[in-house]
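2 protein chains.
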Amino acid sequence: MKIIEPKILPGFMELLPEDQIVFNTMLDKIRSNYERFGFVPLDTPVIEKAEILLSKGGEEAEKQTYRFKKGDNDLALRFDLTVPLARYVSSHFHSLNFPFRRYHIGKSYRGEKPQRGRFREFYQCDVDIIGDGELSIMNDAELPSIIYFTFKDLGFENFTIRINNRKVLNGFFEFIGEEKNSSKILRIVDKIDKIGKEGVIKELLQIGLQDDTIKKIINFVEIKGDNSVIISELNRLNIDNKTFLNGLEELSQVAINAKFFGIPEKNYIIDLTIARGLTYYTGTVYETVLNDYPQIGSVCSGGRYDNLAENFTERKLPGVGISIGLTRFFDQLMEANLVKGTQSTLSKVLIIPMLDDLSFPLEVATKLRNNKINTEVAFEKKSLKTQFTHASKIGVPFVIVIGEDEIKSNLLSVKDMSTGEQFNLTFDEALKKIVLK
Amino acid sequence: MKIIEPKILPGFMELLPEDQIVFNTMLDKIRSNYERFGFVPLDTPVIEKAEILLSKGGEEAEKQTYRFKKGDNDLALRFDLTVPLARYVSSHFHSLNFPFRRYHIGKSYRGEKPQRGRFREFYQCDVDIIGDGELSIMNDAELPSIIYFTFKDLGFENFTIRINNRKVLNGFFEFIGEEKNSSKILRIVDKIDKIGKEGVIKELLQIGLQDDTIKKIINFVEIKGDNSVIISELNRLNIDNKTFLNGLEELSQVAINAKFFGIPEKNYIIDLTIARGLTYYTGTVYETVLNDYPQIGSVCSGGRYDNLAENFTERKLPGVGISIGLTRFFDQLMEANLVKGTQSTLSKVLIIPMLDDLSFPLEVATKLRNNKINTEVAFEKKSLKTQFTHASKIGVPFVIVIGEDEIKSNLLSVKDMSTGEQFNLTFDEALKKIVLK
Chain V
74 MKIIEPKILP
84 GFMELLPEDQ
94 IVFNTMLDKI
104 RSNYERFGFV
114 PLDTPVIEKA
124 EILLSKGGEE
134 AEKQTYRFKK
144 GDNDLALRFD
154 LTVPLARYVS
164 SHFHSLNFPF
174 RRYHIGKSYR
184 GEKPQRGRFR
194 EFYQCDVDII
204 GDGELSIMND
214 AELPSIIYFT
224 FKDLGFENFT
234 IRINNRKVLN
244 GFFEFIGEEK
254 NSSKILRIVD
264 KIDKIGKEGV
274 IKELLQIGLQ
284 DDTIKKIINF
294 VEIKGDNSVI
304 ISELNRLNID
314 NKTFLNGLEE
324 LSQVAINAKF
334 FGIPEKNYII
344 DLTIARGLTY
354 YTGTVYETVL
364 NDYPQIGSVC
374 SGGRYDNLAE
384 NFTERKLPGV
394 GISIGLTRFF
404 DQLMEANLVK
414 GTQSTLSKVL
424 IIPMLDDLSF
434 PLEVATKLRN
444 NKINTEVAFE
454 KKSLKTQFTH
464 ASKIGVPFVI
474 VIGEDEIKSN
484 LLSVKDMSTG
494 EQFNLTFDEA
504 LKKIVLK
Chain D
74 MKIIEPKILP
84 GFMELLPEDQ
94 IVFNTMLDKI
104 RSNYERFGFV
114 PLDTPVIEKA
124 EILLSKGGEE
134 AEKQTYRFKK
144 GDNDLALRFD
154 LTVPLARYVS
164 SHFHSLNFPF
174 RRYHIGKSYR
184 GEKPQRGRFR
194 EFYQCDVDII
204 GDGELSIMND
214 AELPSIIYFT
224 FKDLGFENFT
234 IRINNRKVLN
244 GFFEFIGEEK
254 NSSKILRIVD
264 KIDKIGKEGV
274 IKELLQIGLQ
284 DDTIKKIINF
294 VEIKGDNSVI
304 ISELNRLNID
314 NKTFLNGLEE
324 LSQVAINAKF
334 FGIPEKNYII
344 DLTIARGLTY
354 YTGTVYETVL
364 NDYPQIGSVC
374 SGGRYDNLAE
384 NFTERKLPGV
394 GISIGLTRFF
404 DQLMEANLVK
414 GTQSTLSKVL
424 IIPMLDDLSF
434 PLEVATKLRN
444 NKINTEVAFE
454 KKSLKTQFTH
464 ASKIGVPFVI
474 VIGEDEIKSN
484 LLSVKDMSTG
494 EQFNLTFDEA
504 LKKIVLK
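Chains V and D are the protein sequences, given in the same order.
Going by my numbering, the letters in the first sequence line up with residues 74 to 510, in that order.
Going by my numbering, the letters in the second sequence line up with residues 74 to 510, in that order.
The set of hints was computed from the structure by calculation and includes no laboratory data.
It is possible that some hints are incorrect.
Where chains are identical, the list cannot tell them apart; a pair therefore holds if satisfied intra-copy or between any two copies.
[Stated by the list, open to error] No farther apart than 25 Å at their CA atoms in a straight line, the calculated lysine-lysine pairs in the BS3-like style are these:
hint: 1; residue 1: 289; residue 2: 275
hint: 2; residue 1: 454; residue 2: 315
hint: 3; residue 1: 339; residue 2: 440
hint: 4; residue 1: 80; residue 2: 180
hint: 5; residue 1: 264; residue 2: 339
hint: 6; residue 1: 289; residue 2: 225
hint: 7; residue 1: 332; residue 2: 440
hint: 8; residue 1: 332; residue 2: 481
hint: 9; residue 1: 297; residue 2: 454
For reference, chain V alone in the conformation it holds in the complex (with noise of 0.2 Å):
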């Protein structure tokens, strides 16, 4: 018989066993954090009409879908959870009870060039919050504290959510007469952690701007300071432009709400030079960094948009959202180190059987189940060395060893594996120590 390679395809990630348990773990954090908040739960078809995905349109979207057709129909694979949520929520808007709060966590395929850090098939975890006609700035001011919990629960503590508003900038920029080169400037601007201020500067020039605009600019991006300095700098600019204020208040109300929401000022700023793709969203803006490890760029990022589903409905429905790609997180955390599995088991028993007659043995196993003790049975007959160097490579914490002794006594030989410590238990005592460690 022909043997063919087993080979995955480069751009897609997957797992061995003690990876994918930390991977899974993280998942299930992100989850609970989501629910925590009050989301539900969605999941539609990775499937879908290439003209309900390409709606939006975009060329770059547009080369990277996976399209196909089957039979008559032109079908492609969804790239984002966002149109999905647009198509989802227009088609079941009557049976939907707004403001709708849903999380989605799932696949998303996009057929890029493969290289480092860049996935054809990964998970985003979304949230994302739904008005019908409008949505309150509240929503926009909880959004930060569900990426701090989720953060802090997968265990960071040295991360930075950086928040800013496009109505902010985009007032700015009409007041300084210069609406038509704001998508221009904010790219430069965007790169003043790279190439410094004399950077800016020099690529303000080449694009024809003026001297005295250009410094307006720079100002203007160099207002640092703690959240309410950064407010009060604004407010004292006396930019009268509608535009403008309206995205001030709307700031001013994000940063001042977010202490009440458990947020740690630390890790919290404003930023006036995050503005998260220059088409997509209307107001509030977020991207959340991790201090230690800038080079893997936003972790989680999100904003307003005033208009989700105008594709498939007459309706007006704003909203508010988040995202986690985790499948490039998860790459990226181990290229970093900062991520190792340790145990490709979620056992906390191995029984090992030393006689054929497993009555008891099994009748061990089942109760310590119905106890919510995740156990195995080590079936093979193998050596009793072999046995524990297997417990050993899946790092099982304990080992109950049954033979003619055992069952006589009707004691368990319990080995904490951790420790090496070997015990001589009653059911019961063994299932406490278990359940303690």
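We have chain V already, so just place chain D on it with the hints.
Okay, now just chain D, sitting in the frame of chain V:
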């Protein structure tokens, strides 16, 4: 702007939040039972090379598979989780510990003709145990207990796990000189519940069998009784065929040990008419039927295969596994009105703030969440009546209203939505009431 009709494709399941919550609860129960028995999670790409996924051949698989090109790659979507498992185990052989116990809960794809109860995208919930070279029959004996505890946890009591062994069937057909007709005979015998004994005899005559042979077959499949009766009847047949005797020994092992795994006798029978497809399995086979809903068919099936990964490796990797097709099962439970979502939220508490200053309500929300209570805050400014209507609609168990009085008194006004009772409570009292519900 042109409005696109927001419809999904036929053959895809998409649920409203209240049903999605029920679906996910079932998925979680299946997962936790699989983990209870010491299985580790795997996740493999949905897209693989077509030559890998279609390596087993088979015209039907070929026809139903979503297959497409992206650049030069000939790709396909997985149509089950077994071929990816075979590829995974071959690919990662040296990094895995055997016996390798994995579960995989994920979506698979088959571009079938859409019809009631058939889905093109469906969840499969699989466990398999893979041995390196050999695998004890005790693994086959363990799987029915996983089925039993899982379905019990899903709320079912009256179901029967039917067991058989392909070697018993094949050995018997060899013994009566009908091995070349064995698949035809099995297909006919399989219909005995529908067409009756007379119908079976008629069809066996039509394929050209002798009266004498037909009598032997009917006697064989009519062996009924509890498991020990069937085993002793099979022994009494004195069939001198190696395959048969080997199968009978395996079937005895599986049947005898079932009770030590904690399965009540009534949930577990040997059924000599079960074959589970005609080529794939080589030993033990399983089916599971809800006795009150036989029309649903088998809700959990599986079996033993001698050689999992012969297309990918020279190694012999025997395995045994079971699968629950949750999408189809859930659909049928909904059809039969056996599941019905009642809540479209996972929140236990909805906080309704009555004042503009949200500091106190937000602090209460944060404290509840820190105590693991799923909590949401009603940010939209609406009348109390509208808010309570919303609370009833989503089915949240508790509503806490916070106005001036509550802030002054530092007491919370808590309404138990199921009883309509209202209480004025300190935070700790409220927490206790919510946790206990």
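Enumerated hints in conflict with the structure, sorted upward = 6 and 9
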